[in-house]
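Peer 1: The primary structure of each chain is shown beneath.
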Amino acid sequence: MTEIAVTVNGRLYREAVEDRLLLSDFLRGRLGLTGTHVGCEHGVCGACTVRFDGVAARSCLLFAVQADGAEIVTVEGLARNGALTPLQEAFRSHHALQCGFCTPGILIAADELLSRGGPTSREEIVDLLSGHLCRCTGYTPIVDAIAEVAGA
Amino acid sequence: MAEDALELVDVEYEPLEPVVDLLAAAEGDACVSDRSFAYGDVDAALAAADVVVRHRVRFHRWSCTPVECYGVVAQWNEAEESLTAWANFQGPFTLHSVAAAALGLPGARLRLVTPPDSGGSFGIKSAVFAYVVLMGLASRKLGVPVRWIEDRLEHLAGSSAATGRSTQVEAGFTTDGELVALRYDAVEDVGAYVRAPEPATLYRMHGSLSGGYRVRNVAARNRVVLTNTVPSGLNRGFGGPQLYLALERTMDVAAGRLELDPAELRRRNLVRADDFPYETPSGALYDSGDYEGCLDDALAHAGWDARRAEATAARAGGRLVGVGMACVVEPSISNMGYITLAEPSAERGLPKSGNAEGCTITVSPLGGITVTLTTTPQGQGHRTVAAQIVADRLGVEPQDVTVLSESDTSTSPWTVSSGNYSSRFSGVGAGAVAVAAERLAERMAAIREHLGDPDASLRRVAGTAHWNPESLPPGMDAGLAVTAYYAAPNLLPPDGDRVASSAAHGFVVDVAVVEVDRDTGRVSVLDYVTVHDAGRLLNPLLAEGQVRGGLAHGAAAALFERLVWDDDGNLLTASFMDYSCPTAPDLPTPRIGHRESPSPFLPLGAKGLGEGPTMSAPAAIANAVADALGRDDVDPPFTPGRVWELLER
Chain A
1 MTEIAVTVNG
11 RLYREAVEDR
21 LLLSDFLRGR
31 LGLTGTHVGC
41 EHGVCGACTV
51 RFDGVAARSC
61 LLFAVQADGA
71 EIVTVEGLAR
81 NGALTPLQEA
91 FRSHHALQCG
101 FCTPGILIAA
111 DELLSRGGPT
121 SREEIVDLLS
131 GHLCRCTGYT
141 PIVDAIAEVA
151 GA
Chain B
1001 MAEDALELVD
1011 VEYEPLEPVV
1021 DLLAAAEGDA
1031 CVSDRSFAYG
1041 DVDAALAAAD
1051 VVVRHRVRFH
1061 RWSCTPVECY
1071 GVVAQWNEAE
1081 ESLTAWANFQ
1091 GPFTLHSVAA
1101 AALGLPGARL
1111 RLVTPPDSGG
1121 SFGIKSAVFA
1131 YVVLMGLASR
1141 KLGVPVRWIE
1151 DRLEHLAGSS
1161 AATGRSTQVE
1171 AGFTTDGELV
1181 ALRYDAVEDV
1191 GAYVRAPEPA
1201 TLYRMHGSLS
1211 GGYRVRNVAA
1221 RNRVVLTNTV
1231 PSGLNRGFGG
1241 PQLYLALERT
1251 MDVAAGRLEL
1261 DPAELRRRNL
1271 VRADDFPYET
1281 PSGALYDSGD
1291 YEGCLDDALA
1301 HAGWDARRAE
1311 ATAARAGGRL
1321 VGVGMACVVE
1331 PSISNMGYIT
1341 LAEPSAERGL
1351 PKSGNAEGCT
1361 ITVSPLGGIT
1371 VTLTTTPQGQ
1381 GHRTVAAQIV
1391 ADRLGVEPQD
1401 VTVLSESDTS
1411 TSPWTVSSGN
1421 YSSRFSGVGA
1431 GAVAVAAERL
1441 AERMAAIREH
1451 LGDPDASLRR
1461 VAGTAHWNPE
1471 SLPPGMDAGL
1481 AVTAYYAAPN
1491 LLPPDGDRVA
1501 SSAAHGFVVD
1511 VAVVEVDRDT
1521 GRVSVLDYVT
1531 VHDAGRLLNP
1541 LLAEGQVRGG
1551 LAHGAAAALF
1561 ERLVWDDDGN
1571 LLTASFMDYS
1581 CPTAPDLPTP
1591 RIGHRESPSP
1601 FLPLGAKGLG
1611 EGPTMSAPAA
1621 IANAVADALG
1631 RDDVDPPFTP
1641 GRVWELLER
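Protein sequence lines correspond, in order, to chains A and B.
Using this note's numbering, the first residue of the first sequence is number 1, and each one after it goes up by one.
Using this note's numbering, the first residue of the second sequence is number 1001, and each one after it goes up by one.
Keep in mind the hints are simulated off the structure, nothing from the lab.
The structure displayed is predicted, hence computed values, not measured ones.
Where is the CB? At the ideal position from N, CA and C, for every residue including glycine.
Worth double-checking, as some hints may not be accurate.
Claimed, not checked - Some but not every residue of chain A turned toward chain B, in silico, with C-beta under 7 Å: (1) Gly39; (2) Phe101; (3) Leu133.
What the hints assert, rightly or not - Partial list, computed: chain B residues near chain A (C-beta under 7 Å): (4) Glu1068; (5) Gly1071; (6) Arg1111; (7) Pro1115; (8) Gly1119; (9) Ala1313; (10) Gln1378; (11) Tyr1485; (12) Leu1571; (13) Ser1575; (14) Cys1581; (15) Pro1585; (16) Leu1587; (17) Leu1646.
Same shape as in the complex, but just chain B (with noise of 0.2 Å):
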């Protein structure tokens, strides 16, 4: 319908000189923010530093793109002058301000709901929040509700995407393999427009800038850039990618240079089982880890030596295999104030920090528990975790436990940070939910006591709280149900130019193996070893799910994924035939190791670990491939095409 009458809408554009490419914007006058950062003195120690390393990675655009794309349903309502709509969001509910401001209401009268569980969004979603303003104006326009459903070739062309970067590294070295100094300049492409809550990709690593690594002195100019390409915004990873690619492959370069094996390298460089919490020069206090402990398991579960003894074997035969790692830190759970660091700390407005989630459990009068979330799930089983902690404080089953995973601005216990993002769950999501869970029970319990029945069912607590309040305790109200708000703690705003950009850290050590086909350029992952570190497990099953969803996007980042666009701008990858995706011959099947240092800090001791291998295995590929090649000019993705023209050269 809404295509018939595009057929009859004329609209005339008059062309501008487009910019594409992310240099050629940095060279012009498309640069938005430059902000310089440096901790410690890395002039001083490169000048000192035996071995001075340069490096200069690219990151090309490309976008997680769920196989459901955007749909919104937004309902004006004349008489209350306000707006109800229902779409796919996934937070953070930053921007439902963000929308409200757009439409020009308070934010109580821009009601929107999520649905209990949609299509995967790995961040994408985040973005149908401009959409929902259209279709508002729409509605108030029209008076009629007002429906959209976003087609393929819409969502490719015009939903969202993750940044594209070019980085120069500077590393130095002692030539026993200490990383002494570290400098990063960064050029980020954010597309058309600097979009909410953009330029955050830049900034949501910003703690993490020395990675796994000790180094103390570290540098980073950060340029932000337009280019005449689809808006960036939340993606899987979200910085991580673009931050490791250059930080892990200037570490093989680096150790190429040194003549060390690359994971004795990580090895003499990360931060040590006893030195944690860890602060880093850039402010991120890292919670708890093992790094040594993962690096040495990773190996093992590879076999690294024979693998490269291997690899060697078959390049003095002719054949291109090559071996690489990766070693990240993965931050979870964002602080809310770490985008204001690109602002200049006299220019911030209010200080803004944390990040909370809350969480209501109502317990009816006939015992009946349910639990009402504003994580929006889109998958990844909160509806389980949750059950599975409430049954376990209050002493039932998780079947008795109803969750409802619907968000509705009215009427759920959210916050400004809420939604499904930064891998926030296991930390805030089900911190919020343990909290309210152990307020509950802590009701009970002295309802239990008040009434001389330690033993009393549960149907007789909330029989007695709703059908005779006057037997509960003095003072205490009646009905039986806790909201409770949790906010990961050591989130404070941005201090100057240091900020903790994230409650909490997992690490992750991927080992590729690769090999290239000399004639089409076809790159094959022979091996994949994955090891993780994302605390304590809440629900194993799940968190398997994570770090193979996550590889499959890092991996189809590193080999297969990419928006490209033509001089004119114009997309040339607007279908799925053109942007390829890959499906199940395409991808390894990865070996998982798990360790678990539970995080001192949260509640559960529970880590994010959604993201860990779409920021380490970009990194990890490209270093096999290098390997593999005996090059160090390789940028990803490493598509047949690409790498045959790289073969060529």
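Here chain A stands alone, though its shape is the one from the complex (with noise of 0.2 Å):
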């Protein structure tokens, strides 16, 4: 067992954990945010991806003793008192989501680029969406929801 200290969506936690035990199953398991999802456990998916450090990742590549120290942000953290993001709320218009089981780790992806002044285009939202697997809307609508914030 290994102590981290590590912030998410502004909260420090200090736990005691296995070092097998990944960041995904961390959060899920242990801080009950399960928001989080996992679809694969080898990174293909995307469902699980969070912003450590600022930077999107695969919490499903992690480990949660990698995280100590870090700060984290998951889909829990994006919505500040209640009210959702200009982001979600077109997911929300746009019908960019059927079932949801992709759309956090989507959301966070798309949250990072735009934190980042991008996207510009549609083509980098296309190109954005290359790392995640959505089954229900053959994406257009996510690109639409996305394009639509960025001013793409």
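Since each chain comes alone in its own frame, lean on the hints to assemble the complex.
Peer 2: Here it is as structure tokens:
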């Protein structure tokens, strides 16, 4: 067991974890932040994406011990005071989610891109989405939602 | 934890000779069902035909692979000898009976609870019932609740997948293109076991063997074989992609032989707008439609003639560009009796028929409206549509209606056919909501009349029913709740070898334009048009979502996804690295057209529309690839490697 101190959605947690515990399982099982989804555990589907020190990263490809000292934002950390972000609102109005299982990872990845001033084109959005599997929407409404917020 | 324990278990396997190829299985002793059907006189019609086209297609194994895998929590109650299980099950609830029987429990002592919404299913999660049984047994044995969450390897290796199918088609035509006879010889690979409800994939489309065409002489031989691969089960399109790859590829091959435009050949054979309701040779009752109108729309949207001319010019310049189409009838709301067709008429048990759904609407003493569904949604928007329907009928706003979509076999108004499959919600799911809302509205009107106050508020009416039942019309029940069950009409048990396999029939026409990269074999979709007629659209935004999603799965099956086993039966596509699901850059953005020919038989006029382009896209893309390559021996999936090998051949 290893002691870690990690900030998740602005709150500091100190936890003892097994070295082999995945960050995704830590977030879901230990912290109860089940908005982070697990779809493949080998880094392809993108559902588990979180911001790790500002960078969008697969939480299923990280161990919890690697998060010691890190600042993490999960999908639960996007909305402020219960109000959806413009990106989340756009997902709703464009019907950019059906089952919603892939949505947290995509929201986090798009949030990172938006926070860096992009994307500037639909192509860039499509390229971003190459790291995420969605089996419900055919992707077009997701591109539309992100493009609306980005003004792309 | 379970994986740690697994290391303590030693299993010795005695290897047996594996069979992974369906045709090899058909030649050996792995054929478990062999039935032949004939409608009209196919032999005579083929003998008299001016042109007979023979074409073989093969549809590969693939799976819609929801990003969320299976999950089950099971808790055995020793005192009551009952099991409560929570699972992301999607129906059909026929499988509840199968699970209860497997556990040796009366149905009432298997309490199966499904969440209000879960990750996508696309049919695949019907098969979680087997794990409900396994976890139930584990919980009973251990005396503690047991939780199991499937991982991706387990999902790809052992959950469920579409059937594979090899189909030999013989089609007879007159010189002017009239399709006069159609014969299928199908070998269906259901994997390692005939798991319930299989071999339903082979029979779900039985009433639609003739597709959208007027041909009256139709025959089919259906063989079901076992292979050492993952068992098959529900998968979006369920039999449609396999049937239409065979039929629609054959139509294109025939168009080539007859030197007719493929669109024109189809037009000459489509069921006409004034033929409805149209009874097919194999027993389906096509409820409504304007097939030629849909074809016209699709050709216009796609610019069919111009695209074909451009493709011809591009090919002359050395590029491999092709244009293809598919016309498909999209059945929805399956007859629970169709699967008995797998048995000869004399060997069938008690008759099965219909497809029914339940719905409860309650009004609280303060006028709060709650609707309970048993349609197990996974994001299709059942709650949204149910709220719309109830609000509309009761004169309130949709946000005033609370819709509960968690289903519980101990408390919910379910039937054996409940669940989320065969695109049944807009027909029977919403139908049950509409019937319940209508009855509730009638009761409320009667209360208002009895009170002598036609404008009495909802709250006043509800308050009267709860607080002052003495003021209700004589004979009326106290409280204010209605449970209604609605069964789709025209779904009789099979009559001999004929069956109305579905209650509603939409129509889809797709046009695909593709380009094949000569050096890499990569197929790019340059344009995709899909025109859909699913009757009345209950919610256009949700409907479009279903069309986009259905197309994404159809295009994925056509271009990317394939489960592969080696000759020893080892799964080679055991991760998302090897089983390639398309991402955003890989899929076309379709141009979508709608027509609305309401079903005259269903309460809201709405047909299912969740599976249409999943059925049509593999055929449309295959036709486009065949056109691009100028050859007929093309079978999906058109992955770069497979197409490159074809180019080298």
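Peer 1: So, for every hint listed, does it hold in this structure?
Peer 2: Right, here's what the structure says about each hint:
1. Contact between Gly39 (chain A) and chain B, as hinted, is supported at the beta carbon level, the nearest pair being about 4 Å apart and thus within 7 Å.
2. Taking 7 Å as the C-beta cut-off, the interface hint given for Phe101 (chain A) holds, the closest approach to chain B being about 4 Å.
3. About 5 Å separates the beta-carbon of Leu133 (chain A) from the nearest beta-carbon of chain B, less than 7 Å, and the hint is met.
4. A distance limit of 7 Å between C-beta atoms decides the matter here; for Glu1068 (chain B) the minimum to chain A is near 5 Å, and the interface restraint holds.
5. For Gly1071 (chain B), the suggested interface contact is broken, since its CB lies about 11 Å from the closest CB of chain A, more than 7 Å.
6. With a least beta-carbon distance of about 24 Å to chain A, the hint placing Arg1111 (chain B) at the interface is violated under the 7 Å criterion.
7. A least Cβ separation of about 11 Å between Pro1115 (chain B) and chain A goes past the 7 Å threshold, and the interface hint is therefore violated.
8. The closest approach between the C-beta of Gly1119 (chain B) and any C-beta of chain A is roughly 4 Å, which is under the 7 Å cut-off, so the hint is satisfied.
9. Hint status for Ala1313 (chain B) relative to chain A: violated, with the closest Cβ pair at about 28 Å, above 7 Å.
10. Interface hint status for Gln1378 (chain B): upheld, as the beta-carbon distance to the closest one in chain A is roughly 5 Å, under 7 Å.
11. Using the Cβ-Cβ criterion of 7 Å, the hint placing Tyr1485 (chain B) at the interface with chain A is not satisfied: the shortest such distance is roughly 27 Å.
12. Among the interface hints, the one on Leu1571 (chain B) is violated; its C-beta lies about 15 Å from the nearest C-beta in chain A, farther than the 7 Å criterion.
13. Hint status for Ser1575 (chain B): holds, given a least beta-carbon distance of 6 Å to chain A, under 7 Å.
14. With its C-beta approaching chain A no nearer than about 5 Å, Cys1581 (chain B) sits inside the 7 Å limit, and its interface hint holds.
15. Annotation: Pro1585 (chain B) was flagged as interfacial toward chain A, and the flag holds, the nearest CB pair being 5 Å apart, inside 7 Å.
16. A cut of 7 Å between beta carbons decides the hint on Leu1587 (chain B): the least distance to chain A is about 6 Å, and the hint holds.
17. Violation of the interface hint for Leu1646 (chain B) is found here, the shortest Cβ-Cβ separation to chain A being roughly 26 Å, above the 7 Å cut-off.
Violated hints, in rising order: 5, 6, 7, 9, 11, 12, 17; the structure is consistent with all others.
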